[in-house]
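*Asks:* One-letter residues, chain by chain:
2 protein chains.
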Amino acid sequence: MWKFIKKHQNIADIMRDKGLAKVGDGLVNLCYSLAKSEVLGEATGEKVRDSVLARALRATPIYSHISRRTDTGAAADAFEAIVAYLWLTEKTTTETLVSSLVERLDIHSEMNRTQESEVAVEAFQNMLEGLIDLLPDS
Amino acid sequence: MWKFIKKHQNIADIMRDKGLAKVGDGLVNLCYSLAKSEVLGEATGEKVRDSVLARALRATPIYSHISRRTDTGAAADAFEAIVAYLWLTEKTTTETLVSSLVERLDIHSEMNRTQESEVAVEAFQNMLEGLIDLLPDS
Chain X
17 MWKFIKKHQN IADIMRDKGL AKVGDGLVNL CYSLAKSEVL GEATGEKVRD SVLARALRAT
77 PIYSHISRRT DTGAAADAFE AIVAYLWLTE KTTTETLVSS LVERLDIHSE MNRTQESEVA
137 VEAFQNMLEG LIDLLPDS
Chain E
17 MWKFIKKHQN IADIMRDKGL AKVGDGLVNL CYSLAKSEVL GEATGEKVRD SVLARALRAT
77 PIYSHISRRT DTGAAADAFE AIVAYLWLTE KTTTETLVSS LVERLDIHSE MNRTQESEVA
137 VEAFQNMLEG LIDLLPDS
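If you're matching them up, the sequences are chains X and E in order. This note's numbering puts the first residue of the first sequence at 17, with every later residue one more than the last. This note's numbering puts the first residue of the second sequence at 17, with every later residue one more than the last.
Derived from the structure by calculation, the hints contain no laboratory data. Please note: incorrect hints may appear among the correct ones.
For chains that are exact copies, the list does not tell them apart, and a pair is met inside one copy or across any two.
For lysine to aspartate or glutamate, the following EDC-like pairs were computed, each having C-alpha atoms within a straight-line distance of at most 16 angstroms [unchecked claim]:
hint, residue 1, residue 2
1, K34, E126
2, K34, E58
3, K22, D66
4, K107, E54
5, K34, D149
6, K34, E106
7, K22, E54
8, K22, E132
9, K34, D87
10, K19, E58
Generate coordinates for the entire structure from the input sequences, incorporating the hints supplied.
*Replies:* Below you can see the structure in the form of structure tokens.
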């Protein structure tokens with residue numbers, strides 16, 4: 017379907033693709049918005065912080081594929097690129113991504129942003145763990 | 017599929033739903049990112065400006081359903097809420113939304129942001145025109 021996707025040979029190559037990260041930014045924000053809306057029972061949404069995605073990535077074995085000196089922004093980009101790649105190549109769907117977030121998104125409307133971020137890290141970690149086996153050479 | 021959607025009786029009611037606008041913000045940005053990537057032939061993306069969505073809305077008959085004194089932010093929210101409502105209720109799909117943008121998104125990589133915004137207004141107007149008949153009481 018998507019003409020613009022480049023074929024990637026391995027995980028590291030996907031994680032370095034800054035264009036994919038831009039597509040993934042929109043996708044990750046939409047999925048989080050849908051998951052949060054499902055959990056709270058009303059439509060809502062906001063931008064996911066880079067620090068949340070970076071911490072989720074660092075908690076999975078995928079982190080071994082990038083440099084230890086990668087900063088928060090680059091780690092979040094790598095997370096977003098992975099999700100975009102698997103979604104664009106139809107290895108996963110919006111519904112599957114949202115479901116994996118909802119499983120661990122134990123939030124309620126009285127939480128402040130810091131508390132919500134803590135829970136969101138676990139939800140994104142769960143999402144990424146469900147995607148590992150779908151990546152090339154893993 | 018989505019438990020959190022409230023039933024809306026008419027267009028004005030949908031356009032005032034600030035929660036739907038938040039979901040729609042993520043959806044609109046993702047669709048624009050996908051459309052721009054398709055047109056340019058490489059993955060890319062960015063946040064769509066409120067002014068682009070507001071101008072697109074004002075160019076369609078749907079604009080008659082909101083107050084003339086609505087500011088740019090509220091008009092963009094109304095646009096986003098409409099797209100979110102029709103997507104969440106499965107009256108449209110990501111693919112359909114992206115295709116309607118691509119039809120009019122005559123951009124190239126040398127355009128500056130102002131030039132791109134001019135073209136993007138037409139693309140979003142085209143998208144919204146394709147959605148009008150899917151809305152309640154229209």
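*Asks:* Look at each hint and say if it fits the structure.
*Replies:* Now the hints, each set against the structure:
1. K34 - E126: neither (36 angstroms within a copy, 19 angstroms between copies)
2. K34 - E58: Only across copies: K34 and E58 sit 10 angstroms apart there, 33 angstroms inside one copy, limit 16 angstroms.
3. K22 - D66: neither (25 angstroms within a copy, 31 angstroms between copies)
4. K107 - E54: neither (23 angstroms within a copy, 19 angstroms between copies)
5. K34 - D149: neither (22 angstroms within a copy, 38 angstroms between copies)
6. K34 - E106: Close neither inside one copy (20 angstroms) nor across copies (31 angstroms); limit 16 angstroms.
7. K22 - E54: between (33 angstroms within a copy, 12 angstroms between copies)
8. K22 - E132: neither (35 angstroms within a copy, 24 angstroms between copies)
9. K34 - D87: So K34 and D87 pass the 16 angstroms test inside one copy only (14 angstroms; across, 34 angstroms).
10. K19 - E58: Classified as between; 8 angstroms across copies, 35 angstroms inside a copy.
The earlier numbered hints that this structure contradicts are 1, 3, 4, 5, 6, 8.
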